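Fit chain U to the supplied structure of chain G, relying on the hints for placement.
Protein chains: 2
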Amino acid sequence: MSHLSVHVPLDGGRAYDILIGRGLVDAVGAQAAALGAKAAGIVTDETVAGLYGARVRASLERAGLRCGIIAVPPGEASKSYAGYASVCDGLLALKIERGDLVVALGGGVVGDLAGFAAATLRRGVRFLQVPTTLLAQVDSSVGGKTGINSPHGKNLIGAFHQPRLVLADTATLDTLVEREMRAGYAEVAKYGLINDPGFFDWCEAHWRGIFSGGPERDEAVAICCRAKAGVVVRDEREDGERALLNLGHTFGHALERLTQYDSARLVHGEGVAIGLALAFRFSARLGLCSGQEAGRVANHLAMAGLPTRLQDVPGGSGDAEAMLDAMAQDKKVRDGALTFILARGIGQSFIAPGIGRDDVRAFLQDELRG
Amino acid sequence: MSHLSVHVPLDGGRAYDILIGRGLVDAVGAQAAALGAKAAGIVTDETVAGLYGARVRASLERAGLRCGIIAVPPGEASKSYAGYASVCDGLLALKIERGDLVVALGGGVVGDLAGFAAATLRRGVRFLQVPTTLLAQVDSSVGGKTGINSPHGKNLIGAFHQPRLVLADTATLDTLVEREMRAGYAEVAKYGLINDPGFFDWCEAHWRGIFSGGPERDEAVAICCRAKAGVVVRDEREDGERALLNLGHTFGHALERLTQYDSARLVHGEGVAIGLALAFRFSARLGLCSGQEAGRVANHLAMAGLPTRLQDVPGGSGDAEAMLDAMAQDKKVRDGALTFILARGIGQSFIAPGIGRDDVRAFLQDELRG
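Sequences listed follow chains G and U, in order. If you're matching positions, the first sequence starts at 1 in full-length UniProt numbering and goes up one per residue. If you're matching positions, the second sequence starts at 1 in full-length UniProt numbering and goes up one per residue.
Hints are computed from structural coordinates only; laboratory data are not their basis. Remember, predicted model here, so these are calculated numbers, not experimental data. Backbone N, C-alpha and C fix where the C-beta goes; we use that ideal spot for every residue, glycine too. Among these hints, one or two may not hold up.
Under the rule of at most 25 angstroms between Cα atoms (straight-line distance), these lysine to aspartate or glutamate pairs were calculated in the DMTMM-like manner [stated by the list, open to error]: (1) G:LYS95 x U:ASP325; (2) G:LYS154 x U:GLU97; (3) G:LYS95 x U:ASP358; (4) G:LYS95 x U:GLU238; (5) U:LYS95 x G:GLU76; (6) U:LYS95 x G:GLU321; (7) G:LYS154 x U:ASP89; (8) G:LYS154 x G:GLU241; (9) U:LYS154 x G:ASP89.
Heads up, incomplete: computed chain G residues facing chain U, CB under 8 angstroms, no partners named [to be verified]: (10) CYS88; (11) PRO151; (12) HIS152; (13) LEU156; (14) PHE160.
Chain G on its own, in the form it takes in the complex (with noise of 0.2 angstroms):
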């Protein structure tokens, strides 16, 4: 099988590989046994489990693993306290032990889940990754950031614990909604207007292969790997230059708390592509980058299917006062001041700290004017 590989070199270790192609979901089984792993628990949520759970069960077990699935209902309430129970209880229960790994088969909920399950069953066991839609394939398999959602806010409980092996299957994208396809590529771009302009010209002209699953859908994955793994390896903990990921989820956060996290509403991809769009027109009031860049990746975002306005949101965004009072609420929020990922340009993001909630507030209200 010929496929695309990353490796991401993390100290103590923890380095791993991120495999990416077509057919890995039938791979996972030699290689859990290739990390010695007597016992698996898979797991997924239930429709994924009717999609790809019987096939790498079977994988598991031509390679001699005891298994078992895991499976919980999809979307994201399952990351919750209760979700996180019932996922520990399930894999005690599969008497999954410290040599023992968890197969997480999904997208970022049950790679979130299952990945904080992993850090904290009997201290930590080893975990498998398996991302089975765009987002998870090309953010949030790639960090080690797990965790669950409090009533409080989302992501507010976790851990950090690195995958042992990250299997990206990129033919299990052929089989998800063309939302949440869209909603992944928000965070592809992303990456483009990070700190690589090429890659943004590139997707500028290739993006239909992603969707359409050409050999561009591998490259782009793998690139996107590539970079998050040089910025997570840089900067585990999110001291620094991992902020620059953000780009785009400061605005796109608020958004998706002001919406209940009402998935019909906003995806997170959705929210990331209007943040990524309000990110530039605000970098461009505020004289950092022209308009025209602004533009361009607006109407990139647009070409893609993706929305890049506050009026896009189904139901409204509400106000700027409460888009500013959902802004404050981010954990990455310390003594009270905001921190934005803005841009000097494309490909020439940058951390501004001290965003004052004055300028905040008018170009929020100049936009929804607008």
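Then chain U, alone, in the frame of chain G:
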């Protein structure tokens, strides 16, 4: 204020101090301020809250910190998924941010629960331990193990998370019930039995001073913390030597399991006391140490009011087969093999992997007949 001090020289910026002395609960605020925290969430149980909550809160407020108290019901039942969720949400409601502190005020249950919440809140906030039982002062507040129980067993969910500081106020032990004091003393004696025969001699001569609150109490706590800190620094994740700290615990944990963790019948330290006596008698039976030394261990524990025989468990401990099954559920089991900590004499313990079920069964059967 005069106090003893033990330094725990962990790497990666995780080194911390343990201060030991009378009256340290009033120093929490000054120490928290010195760590740069602006707010503190005090996690405690309802009993300890009534005894020391107001003093710790006043100390923090005097030092200019915003703070609040989260009190769980006393007892092991709070170390549950539900207890964990309520502590995390309580800390979030207090707006504890990454630079702030979680203060664990109480015994082992509170330390484990608050420590696990601190380890995972916002993927890790700092915590300060204020252990108020002898067991917590000499054992559970050193080493960074935090966690909760699952319906499948004790401490099966958790994380390694080191405190930033431990304040062991030995005057708080004046309010400890006698039975908990004795139970903690089993862990004190354990340190002598592991690798410090001179300390065991000293214990035989001075144990009454530990119970009555003389200077021997502070000295014993410091010696135990120093011993445990040394082991933890050399083997933080329990790949080797740290397992020695489980002397008496393989039997002890099995007894706790067989008595359904019903503290009316058996508390942890009582299980450990019986386990220590059994580990030495088992070692003598295997020809590793003399029966005289095994007798000396049991005599000293009995002198301090601790149980030393299976028959001492109110309601009985079940038969040998039940004990074996309970031991096989220990989370330290790998591939089903039983590992014991045995001894060639007082202060000469060692890790003995691969002990046969038949040898253990025959020993337990004789014990139950004796």
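Verification of the supplied hints:
1. G:LYS95 x U:ASP325: Within the cut-off at roughly 14 angstroms; holds.
2. G:LYS154 x U:GLU97: holds (15 angstroms)
3. G:LYS95 x U:ASP358: Status holds; Cα separation ~24 angstroms.
4. G:LYS95 x U:GLU238: Distance ~20 angstroms between G:LYS95 and U:GLU238 Cα, so the pair holds.
5. U:LYS95 x G:GLU76: holds (23 angstroms)
6. U:LYS95 x G:GLU321: Holds: U:LYS95 and G:GLU321 sit about 21 angstroms apart, inside 25 angstroms.
7. G:LYS154 x U:ASP89: Within the cut-off at roughly 12 angstroms; holds.
8. G:LYS154 x G:GLU241: holds (22 angstroms)
9. U:LYS154 x G:ASP89: Measuring from Cα to Cα gives roughly 12 angstroms; hence the hint holds.
10. CYS88: holds (6 angstroms)
11. PRO151: At 6 angstroms from the nearest chain U Cβ, G:PRO151 passes the 8 angstroms test, so the hint holds.
12. HIS152: holds (4 angstroms)
13. LEU156: Holds. Min distance 6 angstroms.
14. PHE160: holds (6 angstroms)
Against the hints set out earlier in the document, no violation occurs for any number.
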